[in-house]
Amino acid sequence: EDKVVQSPLSLVVHEGDTVTLNCSYEVTNFRSLLWYKQEKKAPTFLFMLTSSGIEKKSGRLSSILDKKELFSILNITATQTGDSAVYLCAVNAGGTSYGKLTFGQGTILTVHP
Amino acid sequence: GAGVSQSPRYKVAKRGQDVALRCDPISGHVSLFWYQQALGQGPEFLTYFQNEAQLDKSGLPSDRFFAERPEGSVSTLKIQRTQQEDSAVYLCASSLVPAIAIQYFGAGTRLSVL
Numbered sequence: 003e004d005k006v007v008q009s010p011l012s013l014v015v016h017e018g019d020t021v022t023l024n025c026s027y028e029v030t031n032f033r034s035l036l037w038y039k040q041e042k043k044a045p046t047f048l049f050m051l052t053s054s055g056i057e058k059k060s061g062r063l064s065s066i067l068d069k070k071e072l073f074s075i076l077n078i079t080a081t082q083t084g085d086s087a088v089y090l091c092a093v094n095a096g097g098t099s100y101g102k103l104t105f106g107q108g109t110i111l112t113v114h115p
Numbered sequence: 122g123a124g125v126s127q128s129p130r131y132k133v134a135k136r137g138q139d140v141a142l143r144c145d146p147i148s149g150h151v152s153l154f155w156y157q158q159a160l161g162q163g164p165e166f167l168t169y170f171q172n173e174a175q176l177d178k179s180g181l182p183s184d185r186f187f188a189e190r191p192e193g194s195v196s197t198l199k200i201q202r203t204q205q206e207d208s209a210v211y212l213c214a215s216s217l218v219p220a221i222a223i224q225y226f227g228a229g230t231r232l233s234v235l
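If you read the protein sequences in the order shown, they are chains A and B.
Using this note's numbering, read the first sequence as starting at 3 and increasing by one per residue.
Using this note's numbering, read the second sequence as starting at 122 and increasing by one per residue.
Bear in mind the hints are in silico, worked out from the structure with no lab data behind them.
Because the structure is a prediction, the values reported are computed rather than measured.
Heads up, some of the hints might be wrong.
In the DSS-like style, the derived pairs of lysine-lysine whose C-alpha atoms are separated by at most 25 Å in a straight line are [to be verified]: (1) K178/B - K199/B; (2) K199/B - K132/B; (3) K178/B - K59/A; (4) K132/B - K178/B; (5) K5/A - K69/A; (6) K199/B - K43/A; (7) K5/A - K178/B; (8) K132/B - K59/A; (9) K5/A - K70/A; (10) K69/A - K39/A; (11) K58/A - K69/A; (12) K58/A - K5/A; (13) K58/A - K39/A; (14) K39/A - K132/B; (15) K70/A - K59/A; (16) K59/A - K69/A; (17) K59/A - K39/A; (18) K42/A - K132/B.
Just so you have them, the derived chain B footprint on chain A, three or more residues with Cβ under 8 Å [as the list claims (entries may be wrong)]: (19) 38 to 51; (20) 101 to 115.
Beta carbons: idealized from backbone N, C-alpha and C, even for Gly.
With the sequences and hints as input, model every part of the structure.
As structure tokens, this is what we get:
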């Protein structure tokens, strides 16, 4: 059975801090790993990673994948209160021809002013 | 449309009642997924459509759950004889093509069964 584990489950920081969120996985037939941000609405897409060692970056957010050690990290620098959300990691894997996602439990990030 | 649209946003049902949840995917997206998200958990896969064909329903928790996408666009998830354990957020996602494409999510329907 495919498995995705995120850590920590929750994190409280102050504005300006840098945070690192972790995602490890055990799946068969890995295709890609995706990060989403979920506030009280639709999970919004952040990154899709398919290759090891290539950092993806968008503003203050960045992410990298290690396919040998089976994990990914999401970094957020200079955090702002608007970064408060649940961050979901999902893996697209399996023997099907379509992209069924297996999600981790999520990391709840709270950024205080 | 510009994004994935789900309705209603909130639904309160009495135990035993039937409910229908609607998903309107991004125009032209071939793939449509339904996920169930319990409180404090990540979403879990329910079922998958490629156009109008339901190719995978392995995640549906019981035969009380039924989904359709008759014209390959709008989809409906129906839950018959709702029970308290059905209370969750039901998320719909669509992607342009199968396999590796990014899935875009709707805001979900929060179902509360009393």
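task = Could you tell me which of the hints above the structure violates, numbers in ascending order?
result = Structure breaks hints 3 and 8.
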